[in-house]
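Which chain is which? The protein sequence lines are A and B, in order.
Adding 473 to a residue's 1-based position in the first sequence gives its number in my numbering.
No gaps in the numbering here: position 211 of the second sequence is 209 in my numbering, and each next residue is one more.
Hints in this document: simulated from the structure, not taken from any laboratory.
Certain hints may be false.
Beta-carbon label-pair distances, calculated as ranges [stated by the list, open to error]:
#1 A/Pro542 with B/Asp40: 26 to 34 Å
#2 A/Gly573 with B/Arg66: 46 to 54 Å
#3 B/Gln174 with A/Arg566: 52 to 60 Å
#4 B/Gly254 with A/Arg558: 25 to 33 Å
In this text the structure is predicted, and so the values were computed from the model without any measurement.
For every residue, glycine included, the Cβ atom is placed at its ideal position computed from N, Cα and C.
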Amino acid sequence: MSERTDLLQGTLDLLVLKSVAGGPLHGWAISKRIRELFDDVLQVNQGSLYPALYRLEDRGWLRSEWHKPPEGRRIKLYQLTAVGRKQLAAEQRQWRMFVGAVDRLLAAT
Amino acid sequence: MSGLWRRLGSLRRRPGFEREMEEEMTLHLDQEIADRIAAGADPAEARRTAFRDFGRVAEMKEAAREVRGVPRLENGLRDLRWTVRGLRRTPGAPVVAAVTLALAVAAITTVGAVIERVLLAPLPYPAPDRLAVASERRAGSNTPNVVSVPNFEAWRERLRTFTDLAGLVPDYLDLQVGRPERIAGAAVSAAWFRIIGVPPAMGRGVSEEEATGGAAVIVLSHALWREQFGADPRMIGRAIHFGDKSRIVVGVMPAGFEPPAFGWLGPGQRYWLPFAPNPDNRQWGRFLLVLGRLRPDASVATAGAELTAVAAGWRARTRPTGLGARWPGALETRWRGTSGQPSSRWAWRRRP
């Protein structure tokens, strides 16, 4: 896997964790929220959300549950676990450090 | 094939994961399509762009399987396609290989089925609720499977609940005009053109005589005609060359026509060739996809019952042994969707 993909993957993880921080959402709603916030900045296939969701679930940062509304099809809701919430805070700190470092570097040259 | 078997074996041990992943991705695509239609997009355009922005579904599934430690299926599928091509060119290929192949296809159709269900709605065909996919299925299983040529022939001959029944096989050609390119298409019965009920924009479909005679003819998709042949209005009657073979163009389908795609036949079909049963392919075991049009007065339940009965009668007459002996017929209709909100109805008939 290339470094660029690794970077993108890490960013996607952060965005996914952030998008469910406000409450449980299903896959499409997560994708929609990320797109609403980042529309033209982040060009990523919507489908790549699913490997990310499964990976975050395997790490114990997300928990999923099928939910059947009174009408319509059942949906799989993802929500942050306690560990996931800590991870989100840690990732946000890391991201700000990274962005700050790059900013300083760019300002210096 | 042993590598393929291993992969399929481990895949079968994860039925819950595969099913749930399909369910999630299908829901995603359906909602995305509905969302785009609600925002004012044309339904066909909404579907096209939703799929484009999702990324290749098979690739996304592969990436997800890798996360969960399920081995790659794509490779297996590719092996299989090449195996089929090999078989088609090897008259009298061992029946054992064909049966093995059919079982492998069974597992793959299970995995691939759901995306096609989404692709089929909304359908631009006349009376789409009359279209149905006929499959074989293993006794005790709900998994739709591909169909053997003898069983397809028995169905076609005896079924009263269908006006027409067509066999379909995915096909590939190496195009050597314009930009050299491998293109995907399908070999289809002449009846396929009647079943879909969409007349070609130019020329005609494949005739029964051409199909049974194995005529070297081809019908092009509008996109292929436009991209590779510069939308040449004099294309009908002209020969296209593929390696040392050539085919005469007899028709061009209309722009925006989306062929039925299900099982392991993808939506990106860019041409159609004639398919007809022959002494060779009757020996290949199960590999056919079968699409039919129900009579206006026939219900899905009646058709399913008739399908099962005819398959049972055919088995009784031909007395297949071993694996082939326990495969009843099954019927599914997947054409219930309207306006980007597809739904599916499965009508499996229990074996009497």
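Now the hints, each set against the structure:
A hinted range of 26 to 34 Å holds for the C-beta pair A/Pro542 and B/Asp40, which are about 29 Å apart. For A/Gly573 paired with B/Arg66, a C-beta distance near 36 Å fails the hint of 46 to 54 Å. For the pair B/Gln174 and A/Arg566, the beta carbons lie near 58 Å from each other, so the given range of 52 to 60 Å is met. Between B/Gly254 and A/Arg558 the beta carbon distance is about 48 Å. The supplied range of 25 to 33 Å is therefore violated.
The structure fails hints 2 and 4 (numbered hints given earlier, in ascending order).
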